[in-house]
Amino acid sequence: MQTGLQYRRVGQFVVAKKTPQPWYRRLHWQVLIAMAAGIVAGLAGGEAIVPKVGWLGTLFIRLLRMIIVPLIFTSIVSGVASIGSARSLGRMFSKTLGYYVLTSALAIFAGLAAVNIIQPGAGANIGGAAQASLPELSTPSSPIDILIDIVPPNFIAAASKPDMLAVIFFCIVLGMAIAVLPEEHRRPLVTLFNAGFQAMMKLTAGVIVFLPIGVFGLITRLVGSSGLESFKALGLYMLTIAVGLTFHLFVTLPLVLVLLGRIKPRVHFANMIEALVMAFSTSSSAATLPVTIENVEKNVGVSNRTSSFVLPMGATVNMDGTALYECAGVLFVAQVLGVDLSLSAQLVVVLTALLASVGAAAVPSAGLVVIFIVLDAVNLRGPEVEAIVGAMLAVDRPLDMYRTSVNIFSDSCGAAIIAKSEGETGIDEEAAV
Numbered sequence: 049m050q051t052g053l054q055y056r057r058v059g060q061f062v063v064a065k066k067t068p069q070p071w072y073r074r075l076h077w078q079v080l081i082a083m084a085a086g087i088v089a090g091l092a093g094g095e096a097i098v099p100k101v102g103w104l105g106t107l108f109i110r111l112l113r114m115i116i117v118p119l120i121f122t123s124i125v126s127g128v129a130s131i132g133s134a135r136s137l138g139r140m141f142s143k144t145l146g147y148y149v150l151t152s153a154l155a156i157f158a159g160l161a162a163v164n165i166i167q168p169g170a171g172a173n174i175g176g177a178a179q180a181s182l183p184e185l186s187t188p189s190s191p192i193d194i195l196i197d198i199v200p201p202n203f204i205a206a207a208s209k210p211d212m213l214a215v216i217f218f219c220i221v222l223g224m225a226i227a228v229l230p231e232e233h234r235r236p237l238v239t240l241f242n243a244g245f246q247a248m249m250k251l252t253a254g255v256i257v258f259l260p261i262g263v264f265g266l267i268t269r270l271v272g273s274s275g276l277e278s279f280k281a282l283g284l285y286m287l288t289i290a291v292g293l294t295f296h297l298f299v300t301l302p303l304v305l306v307l308l309g310r311i312k313p314r315v316h317f318a319n320m321i322e323a324l325v326m327a328f329s330t331s332s333s334a335a336t337l338p339v340t341i342e343n344v345e346k347n348v349g350v351s352n353r354t355s356s357f358v359l360p361m362g363a364t365v366n367m368d369g370t371a372l373y374e375c376a377g378v379l380f381v382a383q384v385l386g387v388d389l390s391l392s393a394q395l396v397v398v399l400t401a402l403l404a405s406v407g408a409a410a411v412p413s414a415g416l417v418v419i420f421i422v423l424d425a426v427n428l429r430g431p432e433v434e435a436i437v438g439a440m441l442a443v444d445r446p447l448d449m450y451r452t453s454v455n456i457f458s459d460s461c462g463a464a465i466i467a468k469s470e471g472e473t474g475i476d477e478e479a480a481v
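One rule links them: number in the numbering used here = place in the sequence shown (from 1) + 48.
If you are wondering where the hints come from, they were derived from the structure by calculation, not from laboratory data. C-beta atoms are modelled at their ideal positions from N, C-alpha and C, and glycine is treated no differently. Please note: incorrect hints may appear among the correct ones.
Now the in silico label distances, taken between C-beta atoms and shown as ranges [stated by the list, open to error]:
#: 1; residue 1: Phe258; residue 2: Ala205; range: 28 to 36 angstroms
#: 2; residue 1: Asn352; residue 2: Asn427; range: 29 to 37 angstroms
#: 3; residue 1: Ala84; residue 2: Asn427; range: 33 to 41 angstroms
#: 4; residue 1: Gly474; residue 2: Ala85; range: 48 to 56 angstroms
#: 5; residue 1: His233; residue 2: Leu195; range: 40 to 48 angstroms
#: 6; residue 1: Leu195; residue 2: Gly146; range: 16 to 24 angstroms
#: 7; residue 1: Leu240; residue 2: Gly386; range: 42 to 50 angstroms
#: 8; residue 1: Ala243; residue 2: Phe157; range: 35 to 43 angstroms
#: 9; residue 1: Leu195; residue 2: Leu303; range: 46 to 54 angstroms
#: 10; residue 1: Trp103; residue 2: Arg429; range: 17 to 25 angstroms
#: 11; residue 1: Leu287; residue 2: Arg235; range: 27 to 35 angstroms
Pairs of lysine-lysine, BS3-like flavour, derived with a Cα cap of 30 angstroms [to be verified]:
#: 12; residue 1: Lys143; residue 2: Lys346
#: 13; residue 1: Lys312; residue 2: Lys280
#: 14; residue 1: Lys209; residue 2: Lys250
#: 15; residue 1: Lys312; residue 2: Lys143
#: 16; residue 1: Lys280; residue 2: Lys100
Start from the sequences and build out the full structure, keeping to the hints where you can.
This is the structure:
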């Protein structure tokens with residue numbers, strides 16, 4: 049049986065279509081096996097095994113941090129420069145971007161509400177974090193201070209800290225500047241950054257290959273240090289993320305369909321079922337893109353003109369589920385540490401999660417990389433933070449599958465709503481399946 053990925057081009061994007069793999073080659077099974085092996089090793093070896101195996105988790109976390117700045121830099125610049133070209137700036141682009149910002153913000157607030165109501169990290173002790181000294185938080189005193197901090201006086205210095213809000217802002221304005229250059233200057237720069245983004249996607253996917261090894265090291269260290277007491281908090285954390293995603297998928301997005309598009313959510317769900325199943329099984333917006341386009345055009349009834357603009361853009365820019373996960377995950381880390389994030393600090397988390405989700409590469413588990421961006425924005429750093437994030441990595445695979453389905457469904461809703469606003473008829477008039 050052939051395994052791996054088959055690549056095809058959709059517009060300006062190279063997307064991957066997954067071919068069948070034996071179960072032992074699938075990442076979620078590898079992670080589950082690594083998690084079980086880590087629990088057994090931690091219980092059997094106790095604290096003595098931590099220095100022998102824990103370094104594997106530390107090394108994996110460092111690999112994730114290594115790729116953050118170049119991944120975000122190439123992703124955002126190439127996305128803004130390509131999608132925001134002069135021929136695309138206008139009514140369609142404004143509607144598409146406005147929809148994506150709206151739904152991502154609604155997803156973030158759903159996650160914010162869920163984590164503040166359920167309080168999954170309150171009183172939890174993950175990897176000894178409860179006994180750790182509290183970090184000094186970065187908490188701007190006003191929205192004006194946040195605005196000033198976004199603009200970097202020195203981009204290189206901002207990237208080296210890293211000050212990710214400033215890095216993201218620079219990437220966006222650089223992409224916009226490239227977009228309005230004359231064609232002879234714009235084209236080579238777009239090609240350069242697109243090539244850089246593809247290289248970073250390959251590198252990110254390569255790092256994720258080592259996720260099971262990293263999970264083994266992190267879980268062994270976690271269980272060896274603190275036993276099984278951490279897993280109650282992790283179960284509550286998973287429930288919190290699932291509640292937020294479920295609310296956004298079955299309440300927020302259907303309301304958006306009804307209010308903005310006068311579309312029946314039940315019909316749209318039925319027409320997108322194949323893409324949702326594909327997204328859940330692959331955990332990749334890019335791998336699902338061909339199926340998403342087919343469902344949106346053949347089942348929903350959106351024209352190729354609209355789908356070919358909105359959906360590839362959504363595969364890179366519109367990451368509702370990822371944005372929700374980043375926001376809720378950071379607040380969970382703060383709760384475990386016993387840190388009470390002020391309203392201004394939570395505003396920084398919301399803004400950073402919204403901007404960082406734009407730069408989340410459409411490959412499996414890329415959200416694991418991006419969560420460090422939001423953590424850095426409020427100065428949540430250090431070995432205790434890495435221990436908590438490591439525990440979150442171990443249970444992330446099913447959450448990643450779910451949030452990818454949310455991302456895909458939001459993209460399809462946007463395509464249907466924008467098609468209707470452009471005067472197209474026959475959108476979701478009946479269920480195709």
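Here is what the structure says about each hint:
1. For the pair phenylalanine 258 and alanine 205, the supplied restraint of 28 to 36 angstroms holds, since their beta-carbon distance comes to about 30 angstroms.
2. At about 47 angstroms, the CB distance of asparagine 352 to asparagine 427 disagrees with the hint of 29 to 37 angstroms.
3. For alanine 84 and asparagine 427, the hinted distance range of 33 to 41 angstroms is satisfied, since their beta carbons lie about 35 angstroms from each other.
4. Checked against the hint of 48 to 56 angstroms, the C-beta distance between glycine 474 and alanine 85 comes to roughly 53 angstroms, which is consistent with it.
5. About 30 angstroms separates the C-beta atoms of histidine 233 and leucine 195, a value inconsistent with the hinted range of 40 to 48 angstroms.
6. The given range of 16 to 24 angstroms is respected by leucine 195 and glycine 146, whose C-beta atoms sit roughly 21 angstroms from each other.
7. Between leucine 240 and glycine 386, the C-beta spacing of about 46 angstroms keeps the proposed range 42 to 50 angstroms intact.
8. Range check, alanine 243 to phenylalanine 157: about 36 angstroms between beta-carbon atoms, so the 35 to 43 angstroms window is met.
9. Here the CB-CB span from leucine 195 to leucine 303 is close to 31 angstroms, at odds with the stated 46 to 54 angstroms.
10. The beta-carbon spacing between tryptophan 103 and arginine 429, approximately 19 angstroms, falls within the hinted interval of 17 to 25 angstroms.
11. Taken as a hint, the range 27 to 35 angstroms is violated for the pair leucine 287 and arginine 235, whose Cβ atoms sit roughly 49 angstroms apart.
12. Between lysine 143 and lysine 346, the direct Cα distance comes to roughly 22 angstroms. Compliance with the 30 angstroms bound is thereby established for this hinted pair.
13. Our distance criterion of 30 angstroms between C-alpha atoms is broken by lysine 312 and lysine 280, whose separation comes to about 39 angstroms.
14. In summary, the hint linking lysine 209 to lysine 250 is supported, as the alpha carbons are separated by about 25 angstroms, within the 30 angstroms threshold.
15. Restraint check for lysine 312 and lysine 143: the C-alpha separation of about 20 angstroms stays at or below 30 angstroms, so the hint holds.
16. Between lysine 280 and lysine 100, the direct Cα distance comes to roughly 26 angstroms. Compliance with the 30 angstroms bound is thereby established for this hinted pair.
Comparing the model with each earlier hint shows violations of hints 2, 5, 9, 11 and 13; every other hint is respected.
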